[in-house]
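Quick mapping for you: the protein sequence lines, in order, are chains U and F.
Note that our numbering has the first sequence beginning at 1, numbered continuously upward.
Note that our numbering has the second sequence beginning at 314, numbered continuously upward.
Hints in this document: simulated from the structure, not taken from any laboratory.
Simulated DEER-style distance windows between Cβ atoms:
| hint | chain 1 | residue 1 | chain 2 | residue 2 | range |
| --- | --- | --- | --- | --- | --- |
| 1 | U | Asn38 | F | Glu494 | 37 to 45 Å |
| 2 | U | Lys202 | F | Arg466 | 33 to 41 Å |
| 3 | F | Arg501 | U | Ser40 | 55 to 63 Å |
| 4 | U | Gly170 | F | Arg466 | 20 to 28 Å |
DSBU-like mimics (lysine-lysine), calculated; alpha carbons at most 35 Å apart, straight line:
| hint | chain 1 | residue 1 | chain 2 | residue 2 |
| --- | --- | --- | --- | --- |
| 5 | F | Lys557 | U | Lys301 |
| 6 | U | Lys123 | U | Lys2 |
| 7 | U | Lys44 | F | Lys557 |
| 8 | F | Lys557 | U | Lys15 |
| 9 | U | Lys44 | U | Lys307 |
| 10 | F | Lys457 | U | Lys202 |
| 11 | U | Lys2 | U | Lys69 |
Virtual Cβ for every residue (Gly too), placed ideally from N, Cα, C.
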Amino acid sequence: MKTLVYINGNHAHAKASFEAVTYAKKLGGEVIVIASGNGSDLAKLGEYGASKVMVDKSLDHGDAQQITKLIAAAAEATGAEVIVFSHDLVAKAVAPRLSVRLKAGLISGAIALPETSNGFSCKVNVFSGKAFGLVSVKTATKIISLLPNSIQPELNGSACAVEDFNGNVGAAAIKIIDTKIPEGNIPLPEAELVVSAGRGLKGPENWGMIEELANNLGAATACSRPVADIGWRPHHEHVGQTGVAIRPNLYIAVGISGAIQHLAGVNGSKVIVVVNTDPEAPFFKAADYGIIGDAFDVIPKLNEAVKKFKAAH
Amino acid sequence: MKILVCISKSPDTTSKIAFTDGNTKFDENGVQYIVNPYDEWYALVRALEIKETSGGNVTIITVGTAADDAVIRKALAIGADDAVRIDAEATDAYFAAAQIAAYAKANNFDLILTGKETINYNGSQVAGMIAEDLDLPFVSLATKLDVNGSTLRLEQEIVGGLQIVEANLPLVVSCAKGMAEQRIPNMRGIMAARTKPLQIVPAIAVDAFTVYESYTLPDAKKACTMIDPNNMDELVNLLHTEAKVI
Ligand SMILES: Cc1cc2nc3c(=O)[nH]c(=O)nc-3n(C[C@H](O)[C@H](O)[C@H](O)COP(=O)(O)OP(=O)(O)OC[C@H]3O[C@@H](n4cnc5c(N)ncnc54)[C@H](O)[C@@H]3O)c2cc1C
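Given the sequences, and given the hints that come with them, work out the whole structure.
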């Protein structure tokens, strides 16, 4: 069996890319990477189990249609039966197209390896993280889009060959005018540690201590919906049922009540810490560690404690 | 401009999630259905705004049974002109997308909008599948959409940031937060919705690619460990030694 993994060359060194290759390796067969764009050191993907990387460097800013054609051509050239994506924003645009093009069933947001004893099925989050579903694929070719932070990358091999591959994908229909990627920003869905705050912080001017905590920990920042709606924080930080769904190792919620719609997007987190003045806040029921206290008092103290810890470790 | 907005029903966000029939079916007992928030708040409202400034027609489409007509009327109350229901239970994303694509092919829309995902299946699949079926370009997870003649300028979420792009009509777009502000239907809208045209279209034969075999609920959380607000060293220590996350 052959498994093809799509890697966006610009994110070849993201942890999520290593996770996708590791996942593919665990399926048992040969793992071949198809990459687009000008990524450097693609050979490193061999260390996670890829036997070779095929890359179309001309597709640095390919649109979803072009990348779909590229992967379809690679699937045909390699005879891959399974195609793996990391479930990021490129996968969300490309994987559904590829599914139709190859008549291959798509499992979006897989959180575990497939069960193959009886068919081919995978566990996914449904109802915005309030439940899990087991989805089976009925088609011969299968596409799995793996939710970041579902498995740990594992070293399994050494640097591999990188070959040029031309997908004959035609011109882009979507023209990129500008790209804005804030410096030093950890993409929220991939972050292992997240510090999040809500209306309890009273105003945008009070986020300094939250950003400081995130910096001290190497965490991404997030917020509750009303905070994004009133413009205290950017929309992409809004987590929950109608925002981004995340499942980091650590989620620290400061001044967030823990409404059901908020919990839906974060209850896949491995460990939840809640800081709230109200002992009755519903969030404590979903928390692993709780601190009843005023954020303006607790967070500076937590910052000191984290700094002390970081200096010692 | 002729705009098609794809809508799906989803359980009210406060619904208790439970399953029946040996955990193979969602338990609809006592569940209120709403228009999937991404479809309603962003895709539909932006479509209405475009119509209000540049003219045209906004059609909503859903794949569902007669039980879904109430949800369709809610979307009509917000201001869509007419509605289409493809008469079938949507068993998976491809089944739904193939039905919508077949209808769109026969009816020539300039712009097809969807929400970024449903809040029940969270697949983010249907829009991309429609685009591929129709061989149209697709802008995913758009947070802004401006019309300039037959050219659209959009902002979309990309890994770690934003991208500004231009595309020509016809186009498929999935809509995310930022695109528009939620609109609450008024009494006039609700009254008018009752008599707006709702066309029922028979489904075409399509084999689903995937099947939801069963469901499980997450394990119950163990009790929360409370920590003295004056002892943040203890919290950091527990996160390191017990939880092992830092
Ligand atoms: C259809 C729908 C979808 C929704 N989707 C989402 C979603 O995706 N994400 C989301 O977050 N919400 C969502 N909501 C909104 C949700 O219901 C809540 O209203 C929202 O999460 C509350 O945000 P909050 O906790 O920041 O604010 P509040 O509910 O106002 O809570 C503030 C909390 O801060 C505490 N606090 C106050 N002062 C301090 C202090 N000094 N120190 C420490 N704690 C303090 C308070 O005790 C309180 O618990 C949705 C609602 C609906 C109807």
